[in-house]
Amino acid sequence: MLRRDFLKALGCIPLMTGIPGLAIAGTADYRYQNLLILIEFKGGNDGLNTVIPYADDHYYRLRPRIAIARGQVLQLDEHTGLHPALQAILPVWQAGELAIVQGVGYPEPNLSHFRSIEIWDTASDSNEYLDKGWLSQTFAQFPPPARFAAEGVSLGSEDLGPLAGGARAIVLNNADQFTRIAKLADDPSIHTGNTSLDRILDIENDIRHAASRIDGRYDFRTDFPATPFGNTLHTAAEVIASRSGVAVVRISLNGFDTHANQPATQAHLLKQFADGMIALKSALAELNRWNSSLIMTYSEFGRRPQDNDGNGTDHGTAAAHFVMGGRVRGGLYGKAPDLDQLENGNLVHAVDYRSLYITAAEKWWRLPAKKLMGGRFDSLNIIRT
Amino acid sequence: MRNWGLSLILLLSAGLAQATAMGDADAWHLLTRTGFAPNPQELANYAGLSRTEAVDRLLTNPSQQAVTPVPADLEAYMPRPEHFKDLSPDEKKQFRRQQARRNLELEAWWMQEMMVTPAPLTEHMTMFWHNHFVSSSQKVKSAQLMLRQNELLRRYALGNFGDMLHAMAKDPAMILYLDTQQNRKGQPNENFAREVMELFTLGIGHYSEQDVKEAARAYTGWSVDRTTGAFINRPGQHDNGIKTVLGQSGDFNGDDVLNILLEQPATAEWITRKLWRELISTDPDPLTIKRDAAIFRRHYEIRPLLRALLLSDAFWSDKNRGNLVKSPVELIVGSVRQLQIHPDPRALAIASRQLGQNVLAPPNVKGWPGGDAWINSTTLLLRKQFLDRITRGQEMPIPQKLLPDGAPEDATSFACDPEAWLSRLTPGSPQQRRAVQTGLLAVAPVDAISDNLPAAEYLHALLLDPAYQLK
Chain H
1 MLRRDFLKAL GCIPLMTGIP GLAIAGTADY RYQNLLILIE FKGGNDGLNT
51 VIPYADDHYY RLRPRIAIAR GQVLQLDEHT GLHPALQAIL PVWQAGELAI
101 VQGVGYPEPN LSHFRSIEIW DTASDSNEYL DKGWLSQTFA QFPPPARFAA
151 EGVSLGSEDL GPLAGGARAI VLNNADQFTR IAKLADDPSI HTGNTSLDRI
201 LDIENDIRHA ASRIDGRYDF RTDFPATPFG NTLHTAAEVI ASRSGVAVVR
251 ISLNGFDTHA NQPATQAHLL KQFADGMIAL KSALAELNRW NSSLIMTYSE
301 FGRRPQDNDG NGTDHGTAAA HFVMGGRVRG GLYGKAPDLD QLENGNLVHA
351 VDYRSLYITA AEKWWRLPAK KLMGGRFDSL NIIRT
Chain X
1 MRNWGLSLIL LLSAGLAQAT AMGDADAWHL LTRTGFAPNP QELANYAGLS
51 RTEAVDRLLT NPSQQAVTPV PADLEAYMPR PEHFKDLSPD EKKQFRRQQA
101 RRNLELEAWW MQEMMVTPAP LTEHMTMFWH NHFVSSSQKV KSAQLMLRQN
151 ELLRRYALGN FGDMLHAMAK DPAMILYLDT QQNRKGQPNE NFAREVMELF
201 TLGIGHYSEQ DVKEAARAYT GWSVDRTTGA FINRPGQHDN GIKTVLGQSG
251 DFNGDDVLNI LLEQPATAEW ITRKLWRELI STDPDPLTIK RDAAIFRRHY
301 EIRPLLRALL LSDAFWSDKN RGNLVKSPVE LIVGSVRQLQ IHPDPRALAI
351 ASRQLGQNVL APPNVKGWPG GDAWINSTTL LLRKQFLDRI TRGQEMPIPQ
401 KLLPDGAPED ATSFACDPEA WLSRLTPGSP QQRRAVQTGL LAVAPVDAIS
451 DNLPAAEYLH ALLLDPAYQL K
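Line by line, the protein sequences are chains H and X. Position 338 of the first sequence, counting from 1, maps to 338 under the numbering used here, and the rest follow consecutively. Position 314 of the second sequence, counting from 1, maps to 314 under the numbering used here, and the rest follow consecutively.
Simulated from the structure, these hints should not be mistaken for laboratory data. Be careful, since some hints might not be right.
No farther apart than 27 Å at their CA atoms in a straight line, the calculated lysine-lysine pairs in the DSS-like style are these [said to hold, decoys possible]:
id: 1; chain 1: H; residue 1: Lys132; chain 2: X; residue 2: Lys141
id: 2; chain 1: H; residue 1: Lys271; chain 2: X; residue 2: Lys141
id: 3; chain 1: H; residue 1: Lys271; chain 2: X; residue 2: Lys319
id: 4; chain 1: X; residue 1: Lys366; chain 2: X; residue 2: Lys139
id: 5; chain 1: X; residue 1: Lys139; chain 2: H; residue 2: Lys271
id: 6; chain 1: H; residue 1: Lys271; chain 2: X; residue 2: Lys92
id: 7; chain 1: X; residue 1: Lys185; chain 2: H; residue 2: Lys271
id: 8; chain 1: X; residue 1: Lys85; chain 2: X; residue 2: Lys401
id: 9; chain 1: H; residue 1: Lys132; chain 2: X; residue 2: Lys274
id: 10; chain 1: H; residue 1: Lys132; chain 2: X; residue 2: Lys401
The following label-pair restraints were derived from C-beta to C-beta distances [to be verified]:
id: 11; chain 1: X; residue 1: Ser317; chain 2: H; residue 2: Tyr129; range: 23 to 29 Å
id: 12; chain 1: X; residue 1: Arg434; chain 2: H; residue 2: Ser244; range: 28 to 34 Å
id: 13; chain 1: H; residue 1: Asp309; chain 2: X; residue 2: Gln340; range: 50 to 56 Å
id: 14; chain 1: H; residue 1: Asp198; chain 2: X; residue 2: Val70; range: 52 to 58 Å
id: 15; chain 1: X; residue 1: Lys85; chain 2: H; residue 2: Ile190; range: 55 to 61 Å
Even glycine gets a Cβ: it sits at the ideal position worked out from N, Cα and C.
Put together the whole structure using the sequences plus the hints.
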């Protein structure tokens with residue numbers, strides 16, 4: 001609340017921006033020229049059937065019902081390949097703009113959806129309870145410029161995930177509709193002491209602020225897939241096209257909790273993801289933003305290496321994730337899954353998920369890594385400077 | 001002398017009852033928290049009672065059944081075709097459309113029930129338990145099974161929690177939702193075993209991963225009969241081995257494990273805390289929770305627990321007025337009940353979906369997070385748009401794809417007549433307008449609203465004020 005009040009105070013006294021002591025606003029501008037796009041696989045995506053260790057016999061031994069046949073795997077090298085539904089993103093791989101980080105997870109993994117996504121969202125340890133999302137923590141220390149429409153925009157999910165707990169963030173379904181009905185929002189400038197009411201008042205302010213800066217429609221030449229996810233990406237692209245800027249766009253794709261009948265469901269979802277990413281890349285290229293965008297996937301956990309009797313998989317631990325963009329150094333990172341070294345039937349992680357966050361903060365936004373997440377995590381060398 | 005003394009006592013107690021008549025603000029608080037925002041008549045019925053009398057009246061002879069007749073085509077179980085995969089794309093599409101219509105029909109049925117019920121507490125608690133023992137039509141894919149589950153929740157809503165837990169574990173929609181039918185001897189599926197401990201009984205931190213694995217074995221054999229949609233126990237698929245759950249070992253079946261879960265103090269505390277969050281505030285008092293939960297655990301009767309919570313000082317405390325956000329259903333149903341309008345319930349169901357609460361499809365097994373999470377920039381604007389429609393009398397279209405084949409495009413009016421509504425209450429004096437405010441808002445409006453506004457604008461200003469989002 002303190003920082004918001006500070007920003008509000010700034011807004012009320014525009015003359016203050018001319019005071020030399022506040023020159024920090026200039027550097028904030030510079031940092032957040034680069035856009036971070038987070039794609040959440042909600043429900044726990046099965047990493048092993050996404051990035052497939054197709055040369056490992058253990059893989060076929062553990063998954064008699066749902067393994068992807070070797071002949072169908074999109075082979076990236078002699079050991080590792082992609083699910084065939086990801087066909088559409090192969091050109092990004094071939095262009096050297098797709099990094100695949102294997103074995104992403106954390107120590108003492110929690111197998112509850114809710115607790116584990118809370119851990120990912122807040123960048124906490126397994127037994128540590130934090131109430132602010134990792135982006136809210138980051139922005140509290142290093143705020144994006146106040147002229148941005150919002151610090152973060154969340155699409156495809158009702159919650160704010162990593163943007164919860166303080167970031168100036170909005171949830172959006174349809175940019176055009178948003179700007180049209182935003183006039184119904186109040187323009188209050190008071191706080192009442194009733195925390196629920198004050199939160200509503202903050203949101204009314206955020207709406208007013210964003211609506212005056214999001215331009216709504218933008219005519220893309222790109223064809224977005226005719227799926228709900230495609231529409232969501234279209235809206236995301238419209239927000240990115242707005243002149244006033246945003247630091248983070250977070251987009252959720254739902255339905256990965258495949259306890260039963262996984263093959264058809266996951267193939268459908270991965271295809272939506274891959275087709276969507278190609279459309280998004282094309283739209284970003286139209287806006288001349290492919291080189292200043294970093295796309296990163298995440299999910300609360302991977303799934304159990306051993307498949308179950310219902311052609312599905314139960315909750316698991318580590319999984320592979322994708323990082324894409326015009327300045328990404330493509331290739332395989334992390335460590336291929338050790339399927340004969342399982343712990344309680346689950347994979348042992350090789351890369352802490354917070355290394356991905358720190359990579360975004362340090363290599364992408366040029367923030368001091370030492371001052372974030374206790375300074376305990378190192379960046380991956382996956383971004384070209 | 002003796003008689004005189006008795007008359008004096010009677011006289012005094014009558015005076016006392018009068019002195020403790022709770023008034024409009026208290027009645028609004030009680031009725032809104034336990035049901036839906038009341039209309040002027042409901043408010044008047046309770047305002048003259050003392051708090052204790054009012055709570056006891058609410059809890060006496062609770063209704064266990066809906067008054068709205070169930071649409072005929074929701075009665076019969078219509079299983080998904082056995083070889084669904086082999087159907088032609090057209091047949092699949094046809095089946096899915098029919099399913100979508102039935103879902104909307106069921107949602108509308110529940111909306112209608114909430115709109116007209118003489119027992120708002122029962123509907124409120126049915127929704128509470130639906131959001132506790134979560135199932136979603138998105139996965140269950142059968143409006144009939146969702147209806148049966150809804151009826152079951154209503155039957156137990158103010159009954160016994162232990163009985164409800166056992167019944168829900170064998171409820172076909174729940175079995176399909178949490179994959180219990182996939183959980184077989186030697187081929188465990190842990191979905192139900194985990195969620196029943198994490199969300200329905202103990203809460204996270206009160207069991208181990210090993211407990212989940214062992215408990216899953218106990219539930220093996222519970223399934224759904226494909227042709228009737230009824231619960232069926234398949235002994236051949238049950239794992240008869242010894243299981244160890246929370247330190248107890250034996251050849252447990254599912255019911256045995258549920259009883260072990262009910263014995264744990266953590267279960268009673270989890271439920272008590274959740275009810276506190278629903279009824280009072282987001283920060284339950286640990287001492288009161290411990291005390292009330294200990295009593296609850298003896299028999300798991302829900303009504304005495306509700307009575308204790310509703311008669312607690314915390315419930316009536318000033319700081320716990322208007323400190324919770326209305327759910328979409330509470331906002332929608334409360335508004336139409338308060339303003340006494342009767343739009344097509346299908347339109348209400350669609351509005352509720354848009355505000356983030358498809359009543360048959362909570363987002364995941366944890367249910368709607370509720371509270372402040374209901375409101376974000378999108379849902380807040382849509383809430384205001386809905387309220388704007390009510391006061392401006394705009395129509396809301398019902399998409400043709402959700403109507404039966406051949407039916408023409410339909411629309412319903414949300415219009416209330418503010419002049420008429422207000423005139424019944426007020427000829428317009430400032431005091432009477434203040435009374436209208438008390439009947440519509442939990443706390444004072446944020447914006448300064450002039451008493452001199454015309455009725456329609458006055459009502460519009462109250463409904464669009466940020467304070468209207470609170471209960």
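Enumerated hints in conflict with the structure, sorted upward:
Hint check: 1, 3, 7, 10, 12 and 14 fail, others pass.
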